[in-house]
Structure formats: structure tokens, C-alpha cells
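Single-letter residue listing:
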Amino acid sequence: MAQIASITLVHTDEARPIIEAIMADNPGVRVMNMPGAVKLDCDGTITVKRASVEERIGRSWDPQEIQLVLVSMAGNLDEDDDHFTLSWRH
Amino acid sequence: MSGTKKLGLRQRYEYLTRGLDWETSYQPMDKVFPYDSFEGIKIKDWSAWEDPFRLTMDSYWKFQAEKERKLYAVIDAFAQNNGQTGISDGRYANVLKLFLTGISPEEYQAHRGFAFAGRHLRGAGTRVAAQMQSIDELRHLQTQVHTISHYNKYFDGIGEFPHMHDRVWYLSVPKSFFDDARSAGPFEFMIAIGFAFEYLLTNLLFVPFMSGAAYNGDMSTVTFGFSAQSDESRHMTLGIEVIKFLLEQHPDNLPIVQKWVDKWFWRGHRLLGLVAMMMDYMLPKKVMSWKEAWDIYFVEAGGALFQDLGRYGLKMPKYADIATAEAEHISHQNWAVFYQYTHAAAFHTWMPDAEHLDWLSEKYPNTFDKYYRPRWEMWAKMEKEGKRFYNNALPQLCQTCQIPMAYTEPGNPTEICFRSTQYKGDTYHFCSDGCKDIFCDEPEKFSQAWLPVHQIFQGNCGGATVPDVLRWYNMNVGADNMDYVGSPDEKLWNEWHAEKLRQAS
Amino acid sequence: MSVVALAPGYESKVEIRDLETNFHGNILIFVHWEEHLSFCSAIAFPLPPGMPFGAFVSEVVAPHYAAHPDAANVDWSKTLWSIDGERKSPDFSASLAANGLHHKSLVRFWTPGLSGVAFS
Chain A
1 MAQIASITLV HTDEARPIIE AIMADNPGVR VMNMPGAVKL DCDGTITVKR ASVEERIGRS
61 WDPQEIQLVL VSMAGNLDED DDHFTLSWRH
Chain B
91 MSGTKKLGLR QRYEYLTRGL DWETSYQPMD KVFPYDSFEG IKIKDWSAWE DPFRLTMDSY
151 WKFQAEKERK LYAVIDAFAQ NNGQTGISDG RYANVLKLFL TGISPEEYQA HRGFAFAGRH
211 LRGAGTRVAA QMQSIDELRH LQTQVHTISH YNKYFDGIGE FPHMHDRVWY LSVPKSFFDD
271 ARSAGPFEFM IAIGFAFEYL LTNLLFVPFM SGAAYNGDMS TVTFGFSAQS DESRHMTLGI
331 EVIKFLLEQH PDNLPIVQKW VDKWFWRGHR LLGLVAMMMD YMLPKKVMSW KEAWDIYFVE
391 AGGALFQDLG RYGLKMPKYA DIATAEAEHI SHQNWAVFYQ YTHAAAFHTW MPDAEHLDWL
451 SEKYPNTFDK YYRPRWEMWA KMEKEGKRFY NNALPQLCQT CQIPMAYTEP GNPTEICFRS
511 TQYKGDTYHF CSDGCKDIFC DEPEKFSQAW LPVHQIFQGN CGGATVPDVL RWYNMNVGAD
571 NMDYVGSPDE KLWNEWHAEK LRQAS
Chain C
596 MSVVALAPGY ESKVEIRDLE TNFHGNILIF VHWEEHLSFC SAIAFPLPPG MPFGAFVSEV
656 VAPHYAAHPD AANVDWSKTL WSIDGERKSP DFSASLAANG LHHKSLVRFW TPGLSGVAFS
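Protein chains in written order, with our numbering: chain A, 1 to 90; chain B, 91 to 595; chain C, 596 to 715.
Rather than coming from a laboratory, the hints here were simulated on the basis of the structure.
Take these hints with a grain of salt, some might be off.
Said to hold, decoys possible - Distance condition first, Cα-Cα at most 27 angstroms in a straight line; then the derived DSS-like pairs of lysine-lysine:
| # | chain 1 | residue 1 | chain 2 | residue 2 |
| --- | --- | --- | --- | --- |
| 1 | B | K514 | C | K608 |
| 2 | A | K49 | B | K152 |
| 3 | B | K121 | B | K243 |
| 4 | B | K349 | B | K477 |
| 5 | C | K608 | B | K526 |
| 6 | A | K49 | B | K160 |
| 7 | A | K49 | B | K471 |
| 8 | C | K683 | B | K349 |
| 9 | C | K683 | B | K514 |
| 10 | B | K526 | B | K375 |
| 11 | C | K608 | B | K535 |
| 12 | B | K581 | B | K477 |
| 13 | B | K453 | B | K265 |
| 14 | B | K375 | B | K471 |
| 15 | B | K408 | B | K349 |
| 16 | C | K683 | B | K121 |
| 17 | C | K608 | B | K265 |
As the list claims (entries may be wrong) - Restraint ranges, calculated between C-beta atoms of paired labels, are given here:
| # | chain 1 | residue 1 | chain 2 | residue 2 | range |
| --- | --- | --- | --- | --- | --- |
| 18 | A | D80 | B | A167 | 49 to 59 angstroms |
| 19 | A | M23 | B | Q101 | 23 to 33 angstroms |
| 20 | B | L110 | A | R89 | 37 to 47 angstroms |
| 21 | B | S273 | C | S677 | 34 to 44 angstroms |
| 22 | C | L675 | B | F128 | 30 to 40 angstroms |
| 23 | A | A51 | B | G249 | 27 to 37 angstroms |
| 24 | B | W562 | C | L614 | 47 to 57 angstroms |
| 25 | B | A167 | C | L614 | 50 to 60 angstroms |
| 26 | C | P643 | B | H340 | 53 to 63 angstroms |
| 27 | B | G249 | A | G44 | 48 to 58 angstroms |
Claimed, not checked - Here's a subset of chain B near chain A, in silico, CB distances under 10 angstroms, partners left out:
| # | residue |
| --- | --- |
| 28 | R108 |
| 29 | K160 |
| 30 | R229 |
| 31 | S301 |
| 32 | E322 |
| 33 | V377 |
A quick note: this is a predicted structure, and the numbers were derived from the prediction, not measured.
Beta carbons are placed, not taken as given, at the ideal position from N, Cα and C, and that holds for glycine.
From just these sequences and the hints, can you work out the full model?
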């Protein structure tokens, strides 16, 4: 079975540029819309890139700000100043 | 922040969690940390602990303050606009009653438990993470109480939640779950709540519940839910880091951790049966069925997780296959319990209407029409004939999960599953092999269980009759309990609805 | 396996909460009507061990199952019994204790020809 790395975000104006960045940077991403939230799934790994979000919001963005809109996730987290990535290693 | 002289995230986190603690010299370390060795877990290097969120205290306060500001703006707006009149149906309020009496007090228990773990694990990184989670859990309780207090102005069954949590028969299910975790050592607590509950199962509780709140017009609950859930992602990460850390530290830890994973998966599965019932029966507008949620959040997400952890030799929890098979039954079996004991429950019940029955048939094609629809139709018919079905005796409870023994044999949904064992000359009964195994591993602990039915018979719950016991629960009989139809909640809801129609015309 | 606990001698301090002596002279009996899942689980009663089995059936079991549409048609002389997992033919005139029931015994019974509405 494919291991799905996943991020669920609230469906708000604040989260929308992050959702768009994820969809642009993760080919093959699958989107599941729920009332109030959106779940984004990718096989193996899924990433949020700081630069892609900044491009969309026109200001600097700290990947830790994702905590304000994050609902859930699946995978091992790797976070630093430039990205927020979830992946399965095995 | 590339291009600035600010420290990077990794460095900032290093400074927070490394070199701040010290080897004690006035007292031996083992006396300062007396709880972190008796469970048999071996830690060679605490500094190997890594929190991938790398959250420093200043960022923690900044983000939490921002979340609170947003939440309270929504709560205020909801109250100012009489948001309670805009929910999908008056029945929806019962979801909040179950949540506040059954889940919110466990946020408090989690707060206490993580405060304990934060004090008693000797690695600084682990302690920081556990302390943040402890504060989060307290915040969750506070925001939940605050949000739902608005509903308490209008609906019954809410105001006595802490008193009820400590006394009411079905609330002993979540209470004993957390009592069990909190009376274990700090490592078992971290695996029980941090890993099994937060990582493996919390999605099943919060995501469909909050999405359900959104769908049913309860914006205040959606907001506290998602606000709490944003902390939950950090907790999930703590959970997965704990298990990896323990398994990497010493091979002897594997059998201990596996045993805890097996135990707490099964206990969590039983506890979440209450959520299953809430999703399939109590939400007037449904987001997804319990079975669908189970497939996404346990079969799919749990499957990926255990495939990943397989490199340490950790296996899927024992009885995961049974739990997955039960996902087609558990919500129906639990709703049957509450329907027949509605006189003793602090929320309202009802039989599904035709549209709801068809939704259940569609979502549960293998089981609903065959095993449960006939029962609901019979009860609905009895209700119409003025012979509404009640169970007037007290149920047999499982010694481990404390739920009425209502679950059926694996593979045979027409027969109740009975399991039992002997300990020191006494008989103990269980709803499943999972619950029996948990008892048999620690009979010293579970033979002390406070089983509500047995306590009533021993004379410890206010008296011998049902009205005596309900009084001892602080239940407002005739308002808090019984069917939704005919309740003061329904009367109020119908008045609001009539008023809206009058204003619209 | 002995219990893993912080306190030495934990096992000797355990107070079992549901000992027979805590039930004021009664024993705890669980009873379940098979093939009638309208009753969500077995039901529990504290009963004097000297109570005749016949009185247990007519005064405890029958009234608590009376709400079911099948209840009026039960023929107690044809009922099949299981006590703690063994098929038994209880002596209705003898006491619960004389019929082998003890504290926390489980009594299951089947009513041939009556199996509710689809076992409900």
C-alpha cells in the first residue's frame, strides 16, 4: 500500500495561499474537501515551501506560522527555516 | 529569514533544549527523577531527543496568543448574533453535551498527565515538549468550557459536567481510560496518550467532529476545535518522536513498547466508539460515516505509520483487524445502548428518520439492513404504539473498558461476545479478547476498577433506585435525560424555528 | 508475570473492589436472553444466593424482559440454559447456590422458536 503523507489545513483565507503553494509544489497531490477543512495527500512525501508561500502573500513567511492554520498531518516532520515537510522513510 | 543575522530555527531550538539542565550533585539523579526507570525502559542518551517542530518558548507564546485572539473573536460574534439559533437542528446540541461531559474533562486529565511527564522525564527536550503540551491541554479545556457555556444558557444537560464526569455510568469510560494512563509510569503515559491517542486516534475524534460542527452551523465549536487541533499536530509529532526515541535507545524497549501500543490502541478503539455513535447518529447533517473515517485515519494513515515503524520491529497493534471489522458495527451497537438507557443519560436520544435510515444503509451496505435496521424499525413501531422500549435493568459492564457488554462476537453480529477470567478466586467479565488481555496483563490494577453498576449495588451511589442514582448524578430528570422528542430542548428549538418563519413571512 | 509498579510490594496492597463481601449478603448475577439483541447486553442483579431458581426466573428475569414482544410467548419449561459457559438444566425449586451460581456468575438462556426480529 502506498504510504500517504498528508496535511490538513483549515479552509480559510489565511490558509488559502498555503494550500495553493502545496498544490503547485507537490505534483500528484490529492485534495479532499471537508466542511471547514481541506486534506491534502501525496504518496511518500508532501512539502510546504517558504518561498512559494511568500510569493503568494507578498511578505516574508515563517514556516512555523503554519501552526495557525494546521489541523492535522501524517508522516515524519522535518521543519526548518525554508520548508515544512512530511514524509515516510520506509 | 535568509539574509538576516538572526539565528536559524535549528540553532534557536538547540539553545533552548541543550545545556539548560544539569547533573544534580546534592542529590543523585535517580532520586530527583524517581519515576523514569521502574517501567523497564532503557535510555542511553537523552540528548538524542529531537523535536522536529523546534518550537521555542517565545514562538510558542506568540502563536498561542494569536490562536486565542482569533478564537475569542469568533466566540463573541457567535454569541452576539445568537448563533445557537442557526445550528442545523436542536438535536445537534447533544453532540456538545457528550463532548463537554466526556471529552473536555479528559483534556484536563491530559494536562495533569503531561505536567507529570514534563516533571519526571529527565531529558530537557522531552520535558520542554511535555510542558508545552500540558499548557495546551489546559487551554483546550478552558476554550471548550468557554465556548459551550454559551449553549448552557439555552440547552439542558451541560451545566453539571464536572460533577457528572466523576459519577455518571457512561462517563466512567473516558474517566477510567485517563485514570489508567495517569496512574501508569511516565513512559507508558507518553505512549498511551502521546502516541496511541494523539497520533493514532485523535484525528478520528477531532477532524470529523469539527468538520461536523462546521457543517451543522456551529461556528464557535469549529473554531475551538480547529484551534485545539492546531496544537494537536504538535502533539502528534511528540507522540511519534517518543516512540521512535524509545525504540532507537535500546532493543529491550521494543517488547515493552509493543505491549503498550497493543493495550492503548485497543483501549482507544473502545473509547472512540462514543465518537462513532456521535458521527453516525447524533450529527443532524453528516460529514462522513464512522467507517469512512476509520478507513482514512486508521487503515490508511495507521497503515503508513506502522509500515514506517516496522524498521524497529514494531508491529501493527494486536486486534487491529478486529477493530477494523467492528467499524461496521460499533456506532449502531453504541446507539442501541443509549437509546434503551435514555432515562439514565444526560443527553437526548431518538430513532433515525427514514432519510437517516437510508443514509445508514448506504454507508453500511454489509451490516445495516441485515442487523440494525430491523431493530430500529421495531423500536420506532413500539414508540408509535406508546410502548417506547427501555431497558429497566442495569447492564453488565466490561471490567476493562467499563462499557456495557454490548459488542458482538467477531464474525457473528447476532451473538454477544462474552469473555471471562479468574483472578484470586473471583470472576471477571470482558467484552472482547482485547479487553481481557489487558486485564490479564495487570489484574492487580484492573481488579480495583470502579464499575458504576457494581458501585450502585454496593450502595455507594446515592441509593438503591434509579431516581436516587440520578439525583446523585445531579441529573435534572425530565430535562437532561430521555428522548429529544418531548424534551424542553425540542420545545425551545421549535419556538426559535417558528419565530424565524414568522419573521421571514 | 508480576505487576510493574513503583512501590515495592504493590501486589499486597491491592484492594479488590467487587469482592462478594461488599454486596451486603447478595451475589452479583448476570443474565442474558440470547437472540434478543434489543437488550444491548446482559443485565446485572444483586441477589441472595438462597433465592430459588424459579423465583429468580419469575421475579427477576421475566419482568425485566417483559418489554420485548416475544416475552409473552416464552415457555420457561422449554428454555435452554447455560451457566458460566456450561449447558445446564437448572432445578427451579433449588436455590441459586445449589444450582451452581456464585458471585459474578453469567446465566445465558435460549428460547427455541423465539429469536426476536432478526435477532433483535
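Status of each hint after checking the structure:
Between the alpha carbons of K514 of chain B and K608 of chain C the distance comes to roughly 14 angstroms, so the proposed pair stays at or under 27 angstroms and holds. Straight-line distance between C-alpha atoms of K49 of chain A and K152 of chain B comes to about 22 angstroms, which keeps the hinted pair within the 27 angstroms bound. Between the alpha carbons of K121 of chain B and K243 of chain B the distance comes to roughly 50 angstroms, so the proposed pair goes past 27 angstroms and is violated. Between K349 of chain B and K477 of chain B, the direct Cα distance comes to roughly 48 angstroms. Violation of the 27 angstroms bound is thereby established for this hinted pair.
For the given pair, K608 of chain C sits about 23 angstroms from K526 of chain B by alpha-carbon distance, which is consistent with the 27 angstroms threshold. A distance of roughly 25 angstroms separates the Cα atoms of K49 of chain A and K160 of chain B; the hinted pair therefore holds under the 27 angstroms criterion. Restraint check for K49 of chain A and K471 of chain B: not satisfied, since their Cα atoms lie roughly 59 angstroms apart, outside the 27 angstroms limit. Annotation: proposed proximity of K683 of chain C to K349 of chain B is violated, straight-line Cα distance about 38 angstroms (limit 27 angstroms).
For the hint pairing K683 of chain C with K514 of chain B, the CA-to-CA distance comes to about 26 angstroms; that is within 27 angstroms, so the pair holds. Distance check on the hinted pair: K526 of chain B and K375 of chain B sit about 37 angstroms apart at the alpha-carbon level, beyond 27 angstroms; violated. A C-alpha spacing of about 11 angstroms is found between K608 of chain C and K535 of chain B, which places the hinted pair at or below 27 angstroms, so the restraint holds. Among the hinted pairs, K581 of chain B with K477 of chain B is consistent with the structure: their alpha-carbon atoms are about 22 angstroms apart, no more than 27 angstroms.
For the given pair, K453 of chain B sits about 31 angstroms from K265 of chain B by alpha-carbon distance, which is inconsistent with the 27 angstroms threshold. This hinted pair checks out: K375 of chain B and K471 of chain B have alpha carbons roughly 24 angstroms apart, not beyond 27 angstroms. About 9 angstroms separates the Cα atoms of K408 of chain B and K349 of chain B, which keeps this hinted pair within 27 angstroms; it holds. This hinted pair does not check out: K683 of chain C and K121 of chain B have alpha carbons roughly 58 angstroms apart, beyond 27 angstroms.
Pair hint K608 of chain C plus K265 of chain B holds up; C-alpha atoms about 23 angstroms apart against a cutoff of 27 angstroms. Separation of D80 of chain A from A167 of chain B is about 37 angstroms and departs from the stated range, judged on CB atoms against 49 to 59 angstroms. Between M23 of chain A and Q101 of chain B the C-beta distance comes to about 32 angstroms, which sits within the given range of 23 to 33 angstroms. For L110 of chain B and R89 of chain A, the hinted distance range of 37 to 47 angstroms is not satisfied, since their beta carbons lie about 30 angstroms from each other.
A C-beta distance of roughly 36 angstroms is found between S273 of chain B and S677 of chain C, which places it inside the suggested range of 34 to 44 angstroms. Distance hint check: the CB atoms of L675 of chain C and F128 of chain B are about 50 angstroms apart, inconsistent with the given range 30 to 40 angstroms. At about 51 angstroms, the CB distance of A51 of chain A to G249 of chain B disagrees with the hint of 27 to 37 angstroms. About 23 angstroms separates the C-beta atoms of W562 of chain B and L614 of chain C, a value inconsistent with the hinted range of 47 to 57 angstroms.
Between A167 of chain B and L614 of chain C the CB atoms are about 56 angstroms apart, so this pair conforms to the stated range of 50 to 60 angstroms. Between P643 of chain C and H340 of chain B the beta carbon distance is about 56 angstroms. The supplied range of 53 to 63 angstroms therefore holds. Separated by about 49 angstroms at the C-beta atoms, G249 of chain B and G44 of chain A satisfy the suggested range of 48 to 58 angstroms. Below 10 angstroms, beta-carbon pairs count as interface contacts, and R108 of chain B has none with chain A, the closest being about 17 angstroms; its hint is therefore violated.
Satisfaction of the interface hint for K160 of chain B is found here, the shortest Cβ-Cβ separation to chain A being roughly 8 angstroms, below the 10 angstroms cut-off. Hint status for R229 of chain B: violated, given a least beta-carbon distance of 13 angstroms to chain A, over 10 angstroms. Look at S301 of chain B: its Cβ gets to within about 4 angstroms of chain A, closer than 10 angstroms, so that hint holds up. The interface hint given for E322 of chain B holds, since its Cβ lies 7 angstroms from the closest Cβ of chain A, which is under the 10 angstroms cut-off.
Here the hint on V377 of chain B is kept, as its CB sits about 6 angstroms from the closest CB of chain A, short of 10 angstroms.
Checked against the numbered hints listed earlier, the structure breaks hints 3, 4, 7, 8, 10, 13, 16, 18, 20, 22, 23, 24, 28 and 30; every other hint is satisfied.
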